[in-house]
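Here is what each chain is made of, one letter per residue.
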Amino acid sequence: MATTKLGFIVQRPPYKSENPKLALTHAIATQSVEVYLNEGDTVTADIAFIGDGVLNCKKDQKAMDYYGLTSTEQHIKMALLVDINIWVCKEDVEKFGLSEDDLVLDAEEFGADMTVNVVPYSEISKKMEEMNHLLFF
Amino acid sequence: MGKLTIGCFASLVGSLNLDFAVKLSAAAIEKGHTVDLWVSGNGTMLSIKDQRPFKDYSHLEKPLKELMAKGLTVTACEACAEARGYNKDVTMEGFKRHSMDWYLASTFSADRVLHIGGE
Amino acid sequence: MKLAVFVSDYRMTVDTLDRLSPEKMGIILVQNGVYHATLKENGTPSALLNKSAEFYALKEDLETRGLDASNVDSKVKVITLGDVVDLIFNDYEKTAWI
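Protein chains in written order, with my numbering: chain A, 2 to 138; chain B, 340 to 458; chain C, 525 to 622.
None of these hints come from the bench; they were simulated from the model.
We put the CB at the ideal spot given by N, CA and C, even for glycine.
One should not assume that every hint holds.
[Claimed, not checked] Calculated cross-link-like contacts (lysine-lysine; reagent style DSSO-like; alpha-carbon spacing at most 27 Å):
#, chain 1, residue 1, chain 2, residue 2
1, C, Lys548, C, Lys599
2, A, Lys96, A, Lys17
3, A, Lys59, A, Lys17
4, C, Lys575, A, Lys91
5, B, Lys362, C, Lys548
6, B, Lys362, B, Lys409
7, B, Lys362, C, Lys599
8, C, Lys575, A, Lys127
9, C, Lys526, A, Lys127
10, C, Lys599, C, Lys583
11, C, Lys583, B, Lys362
12, C, Lys601, B, Lys370
13, B, Lys388, B, Lys409
14, B, Lys342, C, Lys601
15, B, Lys388, B, Lys362
16, B, Lys370, C, Lys583
17, C, Lys575, A, Lys96
18, A, Lys128, C, Lys526
19, B, Lys370, C, Lys526
[As the list claims (entries may be wrong)] Okay, the calculated bits of chain B under chain A, using three or more residues with CB under 8 Å as the criterion:
#, stretch
20, 379 to 388
21, 442 to 450
[To be verified] If you want a taste of the chain B side facing chain C, the calculated C-beta under 7 Å gives, among others:
#, residue
22, Lys362
23, Ala366
24, Lys370
25, Leu453
Let the sequences and hints guide you as you build the complete structure.
The structure is reproduced here in structure tokens:
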């Protein structure tokens, strides 16, 4: 029985690049990874938003209304629903003049227990040390 | 010898990121390592067969087939491919198609992972 | 953490590299990242070379751009793709392509 820990670092804003969305959809795919693995083995994916990447976490996105696309906000909620750890860099949120009130922090409407953690970069840095592999998006 | 899992999300033509991924795969296999190559997003363009080797565009079908013959496993994100109209009929022989969990599962047994994001 | 960071651009659109502080860092310059190894804008080498890291530049990406290994900054070691493989497996535990 073993666990491989992946750290997904999202450093770009949404929509102009497919990277942030692919980070979230790949992370959500951890839900079915065990079909490829031996019993008891698993892979986890935790997501950290840093730099311009924190802009993915702005709430009230209306990508579905204007482009017919699932918003990054919705993908974050789906990730919370499947118990993925999400960290957002506090310093970067503040740099953009945003506060926690501006961010998607939970997915209560879907029944998710997990919440987004807004933390200092130093905590994200520590988490990166704990991961087996890092993937930068 | 170890296992290297490479993920690449960039398109076939443009950034040369896929060229780098294929060349690095070749160098690793040459040294006796095992390589899994996963392409997702625009990277799924790599999976299309009958790439015409114009000199002005990256063309990787030939080296890719040579590497597959040497043991390279290369897999495309099925949803990303289908979204772009790259269906099974136009997929290169030997090129696998799976859901995103395949990439994650590949990292489980990998000694090293190199994730090359998209444009 | 021993981290190999691949830098593939000269003008970077993210500031991630400035935040990374692993115990050991290797910066592998590939694609347009190799300009960091050779260009001196207004006579000044790239600020990236001031970081606390080992520096490498991919020979074939230098030569693709008309750059000669003899013009590479003394801090930078010119390497082949085979060397990149060895660095990944032998010298560093994790990688980052930024």
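Structure-based check of each hint:
{"no.": "1", "hint": "Lys548/C / Lys599/C", "in the structure": "holds, 16 Å"}
{"no.": "2", "hint": "Lys96/A / Lys17/A", "in the structure": "holds, 21 Å"}
{"no.": "3", "hint": "Lys59/A / Lys17/A", "in the structure": "holds, 15 Å"}
{"no.": "4", "hint": "Lys575/C / Lys91/A", "in the structure": "holds, 25 Å"}
{"no.": "5", "hint": "Lys362/B / Lys548/C", "in the structure": "holds, 26 Å"}
{"no.": "6", "hint": "Lys362/B / Lys409/B", "in the structure": "holds, 14 Å"}
{"no.": "7", "hint": "Lys362/B / Lys599/C", "in the structure": "holds, 25 Å"}
{"no.": "8", "hint": "Lys575/C / Lys127/A", "in the structure": "holds, 20 Å"}
{"no.": "9", "hint": "Lys526/C / Lys127/A", "in the structure": "holds, 14 Å"}
{"no.": "10", "hint": "Lys599/C / Lys583/C", "in the structure": "holds, 15 Å"}
{"no.": "11", "hint": "Lys583/C / Lys362/B", "in the structure": "holds, 13 Å"}
{"no.": "12", "hint": "Lys601/C / Lys370/B", "in the structure": "holds, 21 Å"}
{"no.": "13", "hint": "Lys388/B / Lys409/B", "in the structure": "holds, 19 Å"}
{"no.": "14", "hint": "Lys342/B / Lys601/C", "in the structure": "holds, 25 Å"}
{"no.": "15", "hint": "Lys388/B / Lys362/B", "in the structure": "holds, 19 Å"}
{"no.": "16", "hint": "Lys370/B / Lys583/C", "in the structure": "holds, 18 Å"}
{"no.": "17", "hint": "Lys575/C / Lys96/A", "in the structure": "holds, 24 Å"}
{"no.": "18", "hint": "Lys128/A / Lys526/C", "in the structure": "holds, 14 Å"}
{"no.": "19", "hint": "Lys370/B / Lys526/C", "in the structure": "holds, 22 Å"}
{"no.": "20", "hint": "379 to 388", "in the structure": "holds (count 3)"}
{"no.": "21", "hint": "442 to 450", "in the structure": "holds (count 6)"}
{"no.": "22", "hint": "Lys362", "in the structure": "holds, 6 Å"}
{"no.": "23", "hint": "Ala366", "in the structure": "holds, 4 Å"}
{"no.": "24", "hint": "Lys370", "in the structure": "holds, 5 Å"}
{"no.": "25", "hint": "Leu453", "in the structure": "holds, 5 Å"}
In terms of the numbered hints stated before, the structure departs from none.
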